[in-house]
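Protein chains: 2
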Amino acid sequence: MQRAVTISLDAMGGDHGPSVVLGGAALSLSRDPSLRFVLFGDQKAIDAVLATQPALKAASEVRHTEVAVRMDDKPSQALRMGRRVSSMWQSIEAVKKGEAQVAVSAGNTGALMAMAKFCLRTMAHIERPAIAALWPTQRGRSVVLDVGATIGADAQHLVDLAIMGAAMARIVLGVQTPSVGLLNVGVEEIKGVEAVKEAGRVLREAGMAGLDYRGFVEGDDLGKGTVDVVVTEGFAGNIALKTAEGTAKQIGGYLRAEMGRTLMDKIGYLLARRAFSALKARMDPRTVNGGVFLGLDGIVIKSHGGTDAEGFSAAVDLARDMARHDLMSKIRDMLEHTPAPATP
Amino acid sequence: MQRAVTISLDAMGGDHGPSVVLGGAALSLSRDPSLRFVLFGDQKAIDAVLATQPALKAASEVRHTEVAVRMDDKPSQALRMGRRVSSMWQSIEAVKKGEAQVAVSAGNTGALMAMAKFCLRTMAHIERPAIAALWPTQRGRSVVLDVGATIGADAQHLVDLAIMGAAMARIVLGVQTPSVGLLNVGVEEIKGVEAVKEAGRVLREAGMAGLDYRGFVEGDDLGKGTVDVVVTEGFAGNIALKTAEGTAKQIGGYLRAEMGRTLMDKIGYLLARRAFSALKARMDPRTVNGGVFLGLDGIVIKSHGGTDAEGFSAAVDLARDMARHDLMSKIRDMLEHTPAPATP
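As they're listed, the protein sequences go chains A and B.
Quick note: the first sequence uses this note's numbering, first residue 1, plus one each step.
Quick note: the second sequence uses this note's numbering, first residue 1, plus one each step.
Please note that the accuracy of each hint is not assured.
[As the list claims (entries may be wrong)] Cβ pair distances, simulated, as ranges:
id	chain 1	residue 1	chain 2	residue 2	range
1	A	R121	B	K96	52 to 60 Å
2	A	K97	B	M264	50 to 58 Å
3	A	K197	B	E99	36 to 44 Å
[As the list claims (entries may be wrong)] The calculated DSBU-like cross-link candidates involving lysine-lysine, where the alpha carbons are at most 35 Å apart (straight line), are:
id	chain 1	residue 1	chain 2	residue 2
4	A	K74	A	K330
5	A	K224	B	K266
6	B	K224	A	K266
7	A	K224	B	K330
8	A	K197	B	K74
9	B	K330	B	K57
10	B	K197	A	K224
11	A	K57	A	K330
12	B	K280	A	K280
13	B	K197	A	K249
14	A	K266	A	K280
15	A	K74	B	K224
Hints listed in this document are in silico derivations from the structure and should not be mistaken for laboratory results.
If you're wondering where the values come from, they're calculated on a predicted model, not measured in any experiment.
Each residue gets a CB set at the ideal place from its N, CA and C atoms; glycine is no exception.
The shape of chain A in the complex, shown without the other chains (with noise of 0.2 Å):
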């Protein structure tokens, strides 16, 4: 039998509030009719969105907030204005009470791993908390962390970064022994960071049952998915994600520039539409939303603030996922058998 899963949701994070979020939530539930909803937000709003989705609303239980955390708050803001009242603040407390085992949550993500930060604490073990990525591969797809949670990285974080992606890989990928690189700098003379080096040793001599560490990749190897797990520390994370997302929109800009410039080109790709839709599909960033914070104690999921219901409802299937196959444990079981690295 399965596991039920009871999701807590921020109805009035993103750009389109309740009707994304609910719409999202409907899809997944759906596909997927043993989940469970607590909706947090404005009463009047949801209500309006629920008398539309009648599976949803028999599905779900609404608790009336007053403060919503606004997309450009600065998270200290979110936090004098949001906390304890705020629907942000709340799907995040019902995790921590036990009322549901995930949240959910499309709004702005400074304010959101704030208060997830504030209201969860770190785990045991762990010093900061990370953002995970699913990234499209040219194999699949990989787990990339950290992607801007905290900028810095000492071989502790990264030895954590590497068990907390492959519990993660685990459940997502489907992996049993899922395999993880350092990202690195390939330019021989400078062999990368210290801090790199020292956790590529650990992660090498440890011989961590859950995970097959690989050594060093670089830049390149995210695109190709040379493993199933990359770590890094948050900025060069960050700079990496923004980059393939930026370099992604670009070919599709010169692509459909190119397309419309003949007639010829216009009858070719009218008789290729479907290898394009194709392609759309697999470049879609929305089948890969849910940015996973990770080093919680709980779990959050951060959705896409401009996303539609079919992308929200990606981030709400990933949350049933992590949920169902207790990444929690799984994370907590590894940590109990990690070796420290040396003190510099």
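Go by the hints and put chain B onto chain A.
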């Protein structure tokens, strides 16, 4: 009258040696007959190629060398075996001696940087060298640096990168006052590293004549071409560069796979092949081949090792532009008018 330019070439560098290096030089010469070359490498191998390239032969002087640095030599190895005697070293030394205004090599990056540093030394007021890349964007091209010469950067180094990048952009982009951005991460909570913030403060307050500082940019601004010059520390820069290359390859792979799936797709592909060729040309890494070593007392250009004659000629053309428009003087002029950042 155009300034005459003599370029020293490491004829043994790259995966293919003299055939590609001299083939590329011949292409550049056919576009600009005023060029002169000093060719360093195995006399026999060079003569064999020159026999088929009379114009290049007439424009070149050959200097025989016994030692060639291999593509997999470590920098320390290359220095030990190849200092003073290798084609790579001597092509750099020709710049030092004033026999050439710029050197081009397709040899391995680590060895080339080690030799260039050892032979040319860093220029006055510059602590560490950098590698600048030309980045294809939706608007055209940008200069991005550092893409892997040195890891880590303090505010002073980032300001130096901004100045050197702007000097280069004035030449390659033909913009009198290039716009400059500092690569940073957008997550509100963390707001980037101290060095980046301090460099931003200096650039904003200094109001330098030769550049237009526009603030922070993120990874996706690279492909957009938001600014003419993107400044970043070498670790993140190298990862961004390789991530973009990997993403472009990944999408190219998707496109090829999808276009061959059904007969209709194939016909569509044939009809629109002009558009696909144009797309391929826009994504062709050969057209932006050439990493410029900056901060040394002389100009050295690194070509991709695996490129063909067409690609190598792009690096030669870039070298010619850097020399003809006197990159070194442009950098020196700007450095003289730069305030120092606050010491932390």
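Right, here's what the structure says about each hint:
1. Between R121(A) and K96(B) the beta carbons are some 59 Å apart, a value that agrees with the proposed interval 52 to 60 Å.
2. The supplied range of 50 to 58 Å is met by K97(A) and M264(B), whose beta-carbon atoms lie about 56 Å from each other.
3. Between K197(A) and E99(B) the C-beta distance comes to about 40 Å, which sits within the given range of 36 to 44 Å.
4. At roughly 33 Å between alpha-carbon atoms, K74(A) and K330(A) fall within 35 Å of each other, so this suggested pair holds.
5. Proposed proximity of K224(A) and K266(B) is supported: the alpha carbons are some 25 Å apart, at most 35 Å.
6. Annotation: proposed proximity of K224(B) to K266(A) holds, straight-line Cα distance about 25 Å (limit 35 Å).
7. About 40 Å separates the Cα atoms of K224(A) and K330(B), which puts this hinted pair outside 35 Å; it is violated.
8. A threshold of 35 Å between alpha carbons decides the hint, and for K197(A) with K74(B) the separation of about 18 Å falls inside it, so the pair holds.
9. Only pairs whose Cα atoms come within 35 Å are accepted, and K330(B) paired with K57(B) is accepted, the gap being roughly 32 Å.
10. Distance hint between K197(B) and K224(A) is fulfilled; the C-alpha atoms sit about 33 Å from each other, no more than 35 Å.
11. The straight-line distance between the Cα atoms of K57(A) and K330(A) is roughly 32 Å, inside the 35 Å bound, and the hint therefore holds.
12. The suggested pairing of K280(B) with K280(A) holds, with an alpha-carbon distance near 18 Å, which does not exceed 35 Å.
13. A threshold of 35 Å between alpha carbons decides the hint, and for K197(B) with K249(A) the separation of about 28 Å falls inside it, so the pair holds.
14. Among the hinted pairs, K266(A) with K280(A) is consistent with the structure: their alpha-carbon atoms are about 17 Å apart, no more than 35 Å.
15. Under the criterion of a C-alpha separation no larger than 35 Å, the hint pairing K74(A) with K224(B) is consistent with the structure, at around 26 Å.
Checked against the numbered hints given earlier, the structure breaks only hint 7 and satisfies all the rest.
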